[in-house]
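Make the full structure from the sequences, and use the hints.
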Amino acid sequence: MIQVFAFYLFATLCIFSGAVTILARNPVHSVLWLILAFFNAAGLMVLVGAEFIAMLLVIVYVGAVAVLFLFVVMMLDIDFAELRAGFIKNFPLGIALAVVLFVELFVGLVVHGAGGVELGVASGMATQAADMSNIQAIGALLYTRYLFLFEAAGIILLVAMIGAIVLTHRERSGTRGQKVSKQNARRPEDATINMQPESGKGVVL
Amino acid sequence: MTSFFQGLGLSYEMAWGVATVCGILLIAFPLMLGVAMIIYADRKIWAAMALRKGPNVVGPLGLLQSFADGLKVFLQETIIPSAANKGLFLIAPIITFTVALMAWAVIPFNSGAILADINVGLLYVLAISSLGVYGVVIAGWSSNSKYPFFSAMRASAQMISYEVSIGFILICVVLWAGSFNLNDIVQAQKGHVFGIVNGFVANPLLFPMWVMFLISGMAETARAPFDLTEAESELVAGYQTEYSSMAFALYWLGEYANVLLMCALNAVLFWGGYLPPLDIPVLYLVPGFVWLLLKILFFFFIFSWVKATVPRYRYDQLMRLGWKIFLPTSLLFVVLVSGWLMLTRFGV
Numbered sequence: 554m555i556q557v558f559a560f561y562l563f564a565t566l567c568i569f570s571g572a573v574t575i576l577a578r579n580p581v582h583s584v585l586w587l588i589l590a591f592f593n594a595a596g597l598m599v600l601v602g603a604e605f606i607a608m609l610l611v612i613v614y615v616g617a618v619a620v621l622f623l624f625v626v627m628m629l630d631i632d633f634a635e636l637r638a639g640f641i642k643n644f645p646l647g648i649a650l651a652v653v654l655f656v657e658l659f660v661g662l663v664v665h666g667a668g669g670v671e672l673g674v675a676s677g678m679a680t681q682a683a684d685m686s687n688i689q690a691i692g693a694l695l696y697t698r699y700l701f702l703f704e705a706a707g708i709i710l711l712v713a714m715i716g717a718i719v720l721t722h723r724e725r726s727g728t729r730g731q732k733v734s735k736q737n738a739r740r741p742e743d744a745t746i747n748m749q750p751e752s753g754k755g756v757v758l
Numbered sequence: 030m031t032s033f034f035q036g037l038g039l040s041y042e043m044a045w046g047v048a049t050v051c052g053i054l055l056i057a058f059p060l061m062l063g064v065a066m067i068i069y070a071d072r073k074i075w076a077a078m079a080l081r082k083g084p085n086v087v088g089p090l091g092l093l094q095s096f097a098d099g100l101k102v103f104l105q106e107t108i109i110p111s112a113a114n115k116g117l118f119l120i121a122p123i124i125t126f127t128v129a130l131m132a133w134a135v136i137p138f139n140s141g142a143i144l145a146d147i148n149v150g151l152l153y154v155l156a157i158s159s160l161g162v163y164g165v166v167i168a169g170w171s172s173n174s175k176y177p178f179f180s181a182m183r184a185s186a187q188m189i190s191y192e193v194s195i196g197f198i199l200i201c202v203v204l205w206a207g208s209f210n211l212n213d214i215v216q217a218q219k220g221h222v223f224g225i226v227n228g229f230v231a232n233p234l235l236f237p238m239w240v241m242f243l244i245s246g247m248a249e250t251a252r253a254p255f256d257l258t259e260a261e262s263e264l265v266a267g268y269q270t271e272y273s274s275m276a277f278a279l280y281w282l283g284e285y286a287n288v289l290l291m292c293a294l295n296a297v298l299f300w301g302g303y304l305p306p307l308d309i310p311v312l313y314l315v316p317g318f319v320w321l322l323l324k325i326l327f328f329f330f331i332f333s334w335v336k337a338t339v340p341r342y343r344y345d346q347l348m349r350l351g352w353k354i355f356l357p358t359s360l361l362f363v364v365l366v367s368g369w370l371m372l373t374r375f376g377v
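Taken in sequence, the protein lines are chains A and B.
Numbering follows this note's numbering, with no gaps: position 102 of the first sequence is 655.
Numbering follows this note's numbering, with no gaps: position 57 of the second sequence is 86.
It should be emphasised that the hints constitute simulated quantities derived from the structure, not laboratory data.
Here the structure is a predicted model, which means the values were calculated and not measured.
Some clues are possibly wrong.
In silico DSSO-like links for lysine-lysine, alpha-carbon gap of 27 Å or less [as the list claims (entries may be wrong)]:
| # | chain 1 | residue 1 | chain 2 | residue 2 |
| --- | --- | --- | --- | --- |
| 1 | B | K101 | A | K732 |
| 2 | B | K73 | B | K101 |
| 3 | B | K115 | B | K73 |
| 4 | B | K353 | A | K732 |
| 5 | B | K336 | B | K101 |
| 6 | B | K353 | A | K735 |
| 7 | B | K115 | B | K101 |
With the C-beta cut set under 10 Å, the calculated list includes, among others, these residues of chain B facing chain A [stated by the list, open to error]:
| # | residue |
| --- | --- |
| 8 | F33 |
| 9 | Q35 |
| 10 | E42 |
| 11 | Y153 |
| 12 | I157 |
| 13 | W170 |
Every residue gets a Cβ at the ideal spot worked out from N, C-alpha and C, and that includes glycine.
Next comes the structure, spelled out in structure tokens:
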């Protein structure tokens, strides 16, 4: 009863916020609705017992990706009239994409209804022990069977990260950066002198 | 608690609902009271270190000062700037306040006294604390004003930076405890060093992690000396500049609830949570939540002490500390801790 109620709450909110994401006039509002959709999707994940994926969804997408996204959208100087001008031009393309996505989803559901494809059962790895938590099950699979794929993914991400830094980094001359080691090495006696001038005399620096 | 309400003749679902609501209220009300008192304590400690008296007029020793302040802001008019994005402007403080309360759901107050005893407790804490930045960012943007916007950008960069190193620090703790469940983490600290000290902090490999966690916690909650987001000498009052009355009070309460949460996490992850400091039977006569409360208060004193004594960081120093010092060090310790555990616990 509570589960059914929670499911319909999350599902309705998820679809609603997804719809508002594309309908909202203001891009910042769109991003915020998108975040709400992520959040409700995480709720649905918890309901099916995939609490690890749900937490990762919130940490990675809501906590990091969407923040940067929001950041960029907020800093943009948005011209609403220009945004709406492209609507008619891109409308057919958008409809075509939507139709393709819908057909794929439909085919998938129909095939699943007709028996579906049993993925991963052949090797016997997809059945997990009942007393294992999500994290243990994923870890046991990821660090044994998929170890090389996991490491390859790690290396690809590392290369992407270094590549992004190399591409955007440029040495600029004439800037005055902070040299922290120099600042830390500075002592009070280097910068200050203690003088007791006679009254009316003043100090020569 | 569910079984207690079932015993009163309620169906399971009703009993579960009532028990959950009771649990939430049991945490939220003492927490709000605690926040009110901790604001008073913060001002008193700060005053004592500056050789002032601090609040001493309302009630005995000024104990009711926070409630008087609360009443004052409650009765004030809420001012909404005409250029602000009204809906988001009002939602932002509510987000901050709600998120500050949500994370308390997984804190164990005693063995078994925990609202949501979930497997991924620590990940939940991370997820919720990463939501905290939205209250600030939305406030900065919807105020439609320069300084709040600068502050919002600072806040988001700061919180994201320190979350990275906090994540690695937590990984070390999780590796050692072998669980993401906060109750299991506390239990794993029982008699951790020489079978007598309760707490990961006495472990030489985890002690540096605790120091970094304490400092990162200050940065994450934007407490002094890392309160760049509300640096009054540069940004007026930061993202709170345009806020008044209850909306402002919600930020205030949320901020202190977050600070208390950081203190509680320090206690739970490194100092044995509800366990007494030493694994001696006599000490277990004191109830667990008293130990937890004492530890939280101790850490809050450290937070106040730092606030009163350390000057504010410059923004580039803050970023350098987060990315160039904490991140590599915590990464190194993840390797060290996992290597050590592989060697001693699992065999090579």
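Numbers of the earlier hints that this structure fails to satisfy, in rising order: Of the numbered hints, 1, 3, 8, 9 do not hold.
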